[in-house]
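Trainee: For reference, the chains in residue letters:
Protein chains: 2
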Amino acid sequence: MATDQKPLVVLAGPIHPAGTELLKTEARVVISEDLSEDGMVAAARDAEAILFRIKPPCTERLMASCPKLKVVGRYGVGLDTVDLPAATRLGIAVVHAPGSNSDSVAEHAIMLMLCAIKHLIPMDRATRKGEWRGQRLRGIGELRGLTLGIIGVGNIGRRVAHLARGFGMRVLGYDPYVPPDELRRREAEPMSGLSTLLSQADIVTCHTPLTDETLHMINDKTIAQM
Amino acid sequence: MATDQKPLVVLAGPIHPAGTELLKTEARVVISEDLSEDGMVAAARDAEAILFRIKPPCTERLMASCPKLKVVGRYGVGLDTVDLPAATRLGIAVVHAPGSNSDSVAEHAIMLMLCAIKHLIPMDRATRKGEWRGQRLRGIGELRGLTLGIIGVGNIGRRVAHLARGFGMRVLGYDPYVPPDELRRREAEPMSGLSTLLSQADIVTCHTPLTDETLHMINDKTIAQM
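Note that the protein sequences, when read in sequence, are chains X and V. Plus 132 on top of the position in the first sequence (first one is 1) and you've got this note's numbering. Plus 132 on top of the position in the second sequence (first one is 1) and you've got this note's numbering.
Check the hints yourself; a few may be wrong.
Chain copies aren't distinguished; within one or between two, either way the pair holds.
[As the list claims (entries may be wrong)] Mimicking DSSO-like on lysine-lysine, the simulated pairs with C-alpha atoms at most 30 Å apart in a straight line are:
1) K250 <-> K261
2) K187 <-> K250
3) K202 <-> K187
4) K187 <-> K200
5) K187 <-> K261
6) K156 <-> K138
7) K187 <-> K138
8) K202 <-> K138
9) K202 <-> K156
10) K187 <-> K156
11) K138 <-> K200
Honestly, the hints are just simulated from the structure, not real lab data.
Build the full structure now, drawing on both the sequences and the hints.
Mentor: This is the structure in structure tokens:
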């Protein structure tokens, strides 16, 4: 094998063609369509980098099976699919793309709030069936004037706060990693605890990473506080 | 019949109970469940006022059949269901509630834009069927960065403009009844004509009353200009 060859980058599933083209200027790029762990091990044996979307999970076994592996990338933000302690032990860098999907996710969260308060899905279904009874309009509301509780006011949460303020919502924020002054700059009233937020909010939206700390944070007890 | 009796107000279908209670402090209130024209004529023969939701249309015959009728109200904004020239001839005042539903309609318009660009209905249907193929994410976009064309920048249109600006959209406005400076105050770039707006906008939203001037304003020719 020639020593001046470009490094091998394996993609776990296709990404946007523009991204692939950019990578090709610096690397040999192989797109693996087999998203099982064994499939990735086979495809990435000589890889110096692997880029993951969601599947497969980036396990210790997978990384250890690729002796040349230097860096693991996530095409997105969350790192819950990557075994970070194992990557640290193996000396493999892990990179992701914070902020890359913040606008999309924030818009999505607002869409879900609008759809819930305006009964979009049942209304769409009734309309397609030709059901036009007046009853169907009962209980439909607006976001204006409601109180939104944002749990996790990072790249995504702050954008949700900005959009929600535009709708005339009161916005509360709870994030133990963001100081109160910064929460205010992010357009959210600082809440000292999750319970305080839950008891005041009409709508709650979560924008935290999935970690041991946040897993099952919303459960029967926290729901009962709403 | 006692001359000191409160005036009779007939409602074409029920309204919010709080509204009915308020009316009852000043009037005898009858709610007609029969929303045919003949039903309304029968119920409103002695009425001094009729409050319409959507049905029946407030025709000349209906108004002429109610000799005591002084005022017709619309529980909403649009007056297209009321024969205004006939009301004028008969000396009957027509009132409506401009602004009353502006927030709701503006929120609804933004919801429809979000649902269209994010394929909400097909995605919901696929998810309920358990279809999780990657293909389903193809072609999903965001509002940020798109250009919105608002036709009719009145009570509703200006609120749509404000919300859209919050999403980071460019907002164009066309309204021959609103001067350019006022359009700018309403957060829309003034467009001199409908064609100019249509050729530049990624999304077009109409917030005009239904009149002879606006009927079929969006047609095969205007759609072809988008």
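Trainee: State for each hint whether it applies.
Mentor: Taking the hints in turn, this is what the structure says about them:
no.: 1; hint: K250 <-> K261; verdict: both (18 Å within a copy, 23 Å between copies)
no.: 2; hint: K187 <-> K250; verdict: between (35 Å within a copy, 23 Å between copies)
no.: 3; hint: K202 <-> K187; verdict: within (19 Å within a copy, 70 Å between copies)
no.: 4; hint: K187 <-> K200; verdict: within (21 Å within a copy, 74 Å between copies)
no.: 5; hint: K187 <-> K261; verdict: between (38 Å within a copy, 21 Å between copies)
no.: 6; hint: K156 <-> K138; verdict: within (9 Å within a copy, 83 Å between copies)
no.: 7; hint: K187 <-> K138; verdict: within (25 Å within a copy, 73 Å between copies)
no.: 8; hint: K202 <-> K138; verdict: within (14 Å within a copy, 86 Å between copies)
no.: 9; hint: K202 <-> K156; verdict: within (18 Å within a copy, 78 Å between copies)
no.: 10; hint: K187 <-> K156; verdict: within (22 Å within a copy, 64 Å between copies)
no.: 11; hint: K138 <-> K200; verdict: within (13 Å within a copy, 91 Å between copies)
Of the numbered hints given earlier, the model fails none.
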